[in-house]
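Going line by line, the protein sequences match chains B, L, F and Y. One point on numbering: in the numbering used here, the residue at position 5 of the first sequence is 5, and numbering is uninterrupted. One point on numbering: in the numbering used here, the residue at position 105 of the second sequence is 105, and numbering is uninterrupted. One point on numbering: in the numbering used here, the residue at position 42 of the third sequence is 42, and numbering is uninterrupted. One point on numbering: in the numbering used here, the residue at position 81 of the fourth sequence is 81, and numbering is uninterrupted.
Keep in mind the hints are simulated off the structure, nothing from the lab. Beta carbons are placed, not taken as given, at the ideal position from N, Cα and C, and that holds for glycine. Any given hint could turn out to be false.
[To be verified] So the derived list for chain F, only partly shown, Cβ under 7 Å to chain B, looks like this:
#1 8
#2 10
#3 57
#4 60
#5 65
#6 77
#7 79
#8 80
#9 81
[Unchecked claim] With a cut-off of at most 20 Å between alpha-carbon atoms, the simulated EDC-like pairs for lysine to aspartate or glutamate come out as follows:
#10 B:43 - B:7
#11 L:122 - B:22
#12 L:114 - B:104
#13 L:122 - Y:13
#14 B:12 - L:10
#15 L:12 - B:16
#16 B:12 - L:7
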Amino acid sequence: MVQLVRERIDAKGLRERIARPEDGAVVLFEGTVRNHSGGRTVKHLEYHAYESMALQQLEEVREEALRTHAIRDIGIIHRLGTVHPGECSMAIVAVASHRAAAFEACRFAVDRIKSAVPIWKKEFYENGAVWVEGDTMGL
Amino acid sequence: MVQLVRERIDAKGLRERIARPEDGAVVLFEGTVRNHSGGRTVKHLEYHAYESMALQQLEEVREEALRTHAIRDIGIIHRLGTVHPGECSMAIVAVASHRAAAFEACRFAVDRIKSAVPIWKKEFYENGAVWVEGDTMGL
Amino acid sequence: MALRVLFFASLADITGTSEVELEASPNVTIGAVFATLAARFPLLEPHRKSILFARNSRYATPDTPVQDGDEIAFLPPVSGG
Amino acid sequence: MALRVLFFASLADITGTSEVELEASPNVTIGAVFATLAARFPLLEPHRKSILFARNSRYATPDTPVQDGDEIAFLPPVSGG
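Construct all of the structure, not just a fragment, from the sequences and the given hints.
Shown next, in the form of structure tokens:
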């Protein structure tokens, strides 16, 4: 399950949809919007995406995580539009029999998303806003 | 915050108590009871603890995680008593500015708890029950 | 042949548009499409090295050939998560 | 001197009790307390190597001296989480 949403991310709902009684470990990662960045107070962020491509790429990240880690399932939700400090911009839930795979797959997915999925954030301050640009060296 | 509880663990509540708007990454680990173990169907588990010592040890794990990882906070809840398949037996939430520390601290805490905190589980099957014994080599 | 070209995030700010329609000659590559647009939007050129290219929602390289009806996208370094 | 000795999990099953009161001579160690109890509960002995010791809710070693009023605990390998 991969999703782009414009409303608040329901991380608990994602966990409930993904986890089953045969799983022994659930790892949930939430990226949350920080109220400061580079010494400036952040009022909010705006997330934009190349949506059709972002969904395909998220699905590829999901499939690669399933292929390369001993997990049973992994789900990803990324939020788009305006997100305020303290709110969740991305949630990933990985479930597995054992914790090592769940931790590693979750981390793998975050790293891949941050380097390969066409989503961008703009930080809004008291005065002004800038597009944050990541590092694509790893791609 | 470390806790031993006898009712269902409220992982979302834990997350909400621990995370603040200055955090950028939230990692939640849930150990969940599997419905099978070594080829046998598990009806339920029973967790017992040396409670006074377990609380002290959990607090030490928490403090060690805070000392050795760049996290802002970490909270741990472990359940005692009867726990059914699919239910959460332990939840750990680590929050940090950046995800690497949150992932590593959470994993560190799980590993330490499983090797150092005086809690034991007994698995109950259709017929019979056994105490599970961990590996204390790492202590 | 007709192409649809998409600009995202900072590149849309630079060009002042998120989308242009482009008439291109056959057998052109994505790199050539970029050169054409960099001539029209000179502020694009300094970003060339960091831009990622996509063709029909898939990552592509500058030497990927384009076909009639393709959707070409220019992507600045991503920053989701 | 008077000690309280606690058995947990499988060790409580083996001894049939989770707690015993013990009268011990002064300057005795936890290892000596274990030996006394292994004589009373012979099924304990084979577990000696895997048992962890605690004194007043803190991990201790077999050569830790015990004092009057101490709570000594014998812990099988833990399996929480």
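Status of the hints after comparison with the structure:
no.	hint	in the structure
1	8	holds, 6 Å
2	10	holds, 4 Å
3	57	holds, 4 Å
4	60	violated, 11 Å
5	65	violated, 19 Å
6	77	holds, 4 Å
7	79	holds, 4 Å
8	80	holds, 3 Å
9	81	holds, 4 Å
10	B:43 - B:7	holds, 18 Å
11	L:122 - B:22	holds, 18 Å
12	L:114 - B:104	holds, 18 Å
13	L:122 - Y:13	holds, 12 Å
14	B:12 - L:10	holds, 10 Å
15	L:12 - B:16	holds, 12 Å
16	B:12 - L:7	holds, 18 Å
Comparing the model with each numbered hint stated earlier shows that hints 4 and 5 do not hold.
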